[in-house]
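Peer 1: If you want the building blocks of each chain, they are given just below.
There are 2 protein chains.
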Amino acid sequence: MAAKPGIPKGTRDFSPVEMAKRNYIFNTIRDVYHLYGFQQIETPAMEMLSTLMGKYGEEGDKLLFKIQNSGDYFSGLTDEELLSRNAAKLASKFCEKGLRYDLTVPFARYVVMHRDEITFPFKRYQIQPVWRADRPQKGRYREFYQCDADVVGSDSLLNEVELMQIVDTVFTRFGIRVCIKINNRKILTGIAEIIGEADKIVDITVAIDKLDKIGLDNVNAELKEKGISDEAIAKLQPIILLNGTNEEKLATLKEVLAGSEIGQKGVEESEFILKTLSVFGLKNELELDLTLARGLNYYTGAIFEVKALDVQIGSITGGGRYDNLTGVFGMAGVSGVGISFGADRIFDVLNQLDLYPKEAVNSTQLLFINFGEKEAAYSLNILAKVRAEGIRAEIFPDSSKMKKQMGYANAKNIPFVALVGENEMNEDKVTLKNMETGEQSLVSAEELIQTLKK
Amino acid sequence: MAAKPGIPKGTRDFSPVEMAKRNYIFNTIRDVYHLYGFQQIETPAMEMLSTLMGKYGEEGDKLLFKIQNSGDYFSGLTDEELLSRNAAKLASKFCEKGLRYDLTVPFARYVVMHRDEITFPFKRYQIQPVWRADRPQKGRYREFYQCDADVVGSDSLLNEVELMQIVDTVFTRFGIRVCIKINNRKILTGIAEIIGEADKIVDITVAIDKLDKIGLDNVNAELKEKGISDEAIAKLQPIILLNGTNEEKLATLKEVLAGSEIGQKGVEESEFILKTLSVFGLKNELELDLTLARGLNYYTGAIFEVKALDVQIGSITGGGRYDNLTGVFGMAGVSGVGISFGADRIFDVLNQLDLYPKEAVNSTQLLFINFGEKEAAYSLNILAKVRAEGIRAEIFPDSSKMKKQMGYANAKNIPFVALVGENEMNEDKVTLKNMETGEQSLVSAEELIQTLKK
Chain A
-5 MAAKPGIPKG TRDFSPVEMA KRNYIFNTIR DVYHLYGFQQ IETPAMEMLS TLMGKYGEEG
55 DKLLFKIQNS GDYFSGLTDE ELLSRNAAKL ASKFCEKGLR YDLTVPFARY VVMHRDEITF
115 PFKRYQIQPV WRADRPQKGR YREFYQCDAD VVGSDSLLNE VELMQIVDTV FTRFGIRVCI
175 KINNRKILTG IAEIIGEADK IVDITVAIDK LDKIGLDNVN AELKEKGISD EAIAKLQPII
235 LLNGTNEEKL ATLKEVLAGS EIGQKGVEES EFILKTLSVF GLKNELELDL TLARGLNYYT
295 GAIFEVKALD VQIGSITGGG RYDNLTGVFG MAGVSGVGIS FGADRIFDVL NQLDLYPKEA
355 VNSTQLLFIN FGEKEAAYSL NILAKVRAEG IRAEIFPDSS KMKKQMGYAN AKNIPFVALV
415 GENEMNEDKV TLKNMETGEQ SLVSAEELIQ TLKK
Chain B
-5 MAAKPGIPKG TRDFSPVEMA KRNYIFNTIR DVYHLYGFQQ IETPAMEMLS TLMGKYGEEG
55 DKLLFKIQNS GDYFSGLTDE ELLSRNAAKL ASKFCEKGLR YDLTVPFARY VVMHRDEITF
115 PFKRYQIQPV WRADRPQKGR YREFYQCDAD VVGSDSLLNE VELMQIVDTV FTRFGIRVCI
175 KINNRKILTG IAEIIGEADK IVDITVAIDK LDKIGLDNVN AELKEKGISD EAIAKLQPII
235 LLNGTNEEKL ATLKEVLAGS EIGQKGVEES EFILKTLSVF GLKNELELDL TLARGLNYYT
295 GAIFEVKALD VQIGSITGGG RYDNLTGVFG MAGVSGVGIS FGADRIFDVL NQLDLYPKEA
355 VNSTQLLFIN FGEKEAAYSL NILAKVRAEG IRAEIFPDSS KMKKQMGYAN AKNIPFVALV
415 GENEMNEDKV TLKNMETGEQ SLVSAEELIQ TLKK
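Chains A and B, in that order, are what the protein sequence lines are. FYI, the numbering for the first sequence is -5 to 448, going by my numbering. FYI, the numbering for the second sequence is -5 to 448, going by my numbering.
Hints were generated in silico from the structure; no laboratory data involved. Treat each hint with caution, since some may be false.
You can't tell identical chains apart in this list, so a pair holds if it fits in one copy or across any two.
Stated by the list, open to error - Simulated pairs of lysine-lysine, BS3-like, Cα-Cα distance not exceeding 27 Å:
1. 277 <-> 379
2. 56 <-> 427
3. 83 <-> -2
4. 447 <-> 277
5. 368 <-> 248
Predicted model only: the values in this text are computed from it and were never measured.
Construct the entire structure; sequences and hints are all you get.
Peer 2: Set out below in structure tokens:
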């Protein structure tokens, strides 16, 4: 007997119900991207390792899934090299391709390769799986989808404004209450400048973030422990204690950062984004949060992150402005700003809050019970009319026992069942059963269509 | 300077226009699948090699993309094994995962693994890429999408009937005129039985297929050359000369195959399918074609193939009935029937016949020209209203030169442009330019929305 089959650890099958939910998520995000003029691209699952290596740090290189070369991948290898058993070094001889690790590097590669066809600013979105040989754990998979949108080739802050509107619209459509947090790398750089501790900015944001939990004295103690001078800690006090409205925060920052050109620039940018958005009155809260320090090596301007208010879970969307997307591929001066929705976490949040709209998850609307060949032939005719009206309908293919057929309708959550026997055929009608209420009625094909179209 | 980036041979990037066209294809197929009660699943890109190996023949095993194990993949290998440089053998030590080669084997694996959750008959569809280390050539890629639908767990011929309706509906929606060819493995087996040449059935269908081109004498000569006896060739004559309507063909076959039980069964099955479908009057031609011999090792009943009538290209869709999908994974008795649309070829056919609907390919409907900060702020307000109506719209993010902004509208094929300057702001209006006709008019936000919603 054959072995019981399995799938690679950290990967998943998606069942019809899961797929319907995932499609609801992707389609909602996609629709909003379209509304803002973003266009989809797709890139191959495999990229050259020369494109991927060195882009995600040393740790990232190790997490790439590498694809063995076809044919004789040993050619050109000496016995010595082989017997060295140097897995990392030999992998680069055995493999020249790898699975994409994120959508950003393939996008940068795409922009460079297709620069002559692209009209800038280029507003692209991409919804595709990525692969990481990470240790699998709860909520972390080796294959997962990313849903990225980026605008490249424009420095305008209107792009930041629109991305925040997109975030607000998407979560409003989902019915998930969120807080959108924004920060700016330039403000953080300004703070570091002012206190003269440029390399401590992450330690500082981590410590500040604990204010509510551990209090000011402990925050200051932690800063001291991290090697920050008393003088710098003194200068940091207004920033640690920063609170109030976004306007109040900006006013304080303007004072504190008066001596830093780049800090001032960060405050101005944040002010423009917040002010422009306040005109529209976003549905969700927008908060300037200095403790937000994601992707500091990468982002150069605005930084965003989205937190769900009603579920305990990490950030469900994030992004920011970067200055040099394509430099590593020899194309300088391409600035961009982007966001990435965390589909897997959004999936969990929607599940926990039970927010999936019924019509997104239901599939077939009507099942014809199959009582035999003659009845089936009669049903097929009505079925054709029903489908011509865009109603999703099926007939049970076999004339199995009633219990089995009704069980199928229940398992698939089909809301209506049509019964066609001798009587119905004689009267040119159908008995329509509402599976929720149990109600039955004898109707014509046209009445059936009217009922289902409601 | 960085090296010019490339992508692995046989793979492709898809640009926004190509994606729009591909999405049109996938969405059309998906919509029709839904109409018939099929539900989507997805499986991981990577499968265990133990799942994939041995399922596609020796040649297929070679064409699998194998993924190098993470970590120290040399452990447990002797020096001797290493120095043997046996690429194929060592690949199985270095790799335990591979990229899926088709959607059928992963589906079979899915059915076996999830048998307890599945309600049969299981009508699933799957639209995902597959990977094959084939030599790339025109129209053959190393990464391409398959769009499969299968019904498993039902022997009913109604499934075959519905799949033909699906094919007919999909190509009618595309506007591609096709001939749907059907055959039945049992008829071919019956023919082989009658003439006593069971192993020659492929040679026979290949020869018969040449009748129109080379004439009866040459067909008979070819059959003789292939080692078929004169007696068998004599018995084959009515089959070689088979023509007329499907009904006429069936009548002849009934006579010829009178002595073969399995042959009779094949004729009956074909008769049921053709008769049931003739009641609906498919939009496209449906032809019983005995020369159709695809996947003979695999299919056990009906076989289908679709040919485009107006473009010279191979089969653009195919499928059939199989009896033992999951046996190889230890689950016997699962019969199924399926079809697979060839998305890449359909893409080519739609391109050649220029059949893409305009609205499927166009993205943004309206672009606001950006004349500066004040004008942009005013435009953003109208933009919000326009988008709230579901109209895809954008504003050029930078106040660049007019020429650049209009060039952007042209490159993206945006049909309407909104111009907002001092005058428009004073009058609380917008100048709307129709990019096709060049016509301009001063309109309110509401009038603008009305125009674009048409």
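Peer 1: Cα distance capped at 27 Å. Does residue 447 pair with residue 277 within a copy, between copies, both, or neither?
Peer 2: between (32 Å within a copy, 25 Å between copies)
Peer 1: How would you label the pair residue 368, residue 248 (within, between, both, or neither) given a Cα cut-off of 27 Å?
Peer 2: between (82 Å within a copy, 24 Å between copies)
Peer 1: When no copy is named, should residue 83 and residue -2 be tagged within, between, both, or neither for a Cα gap of at most 27 Å?
Peer 2: For residue 83 and residue -2, only the inter-copy Cα distance (23 Å) is at most 27 Å; the intra-copy one is 35 Å.
Peer 1: With 27 Å as the alpha-carbon cut-off, assign the pair residue 277 and residue 379 to within, between, both or neither.
Peer 2: Classified as between; 15 Å across copies, 43 Å inside a copy.
Peer 1: When no copy is named, should residue 56 and residue 427 be tagged within, between, both, or neither for a Cα gap of at most 27 Å?
Peer 2: Cα proximity of residue 56 and residue 427: none, with 58 Å in one copy and 54 Å across.
In this structure, the one hint that does not hold is number 2.
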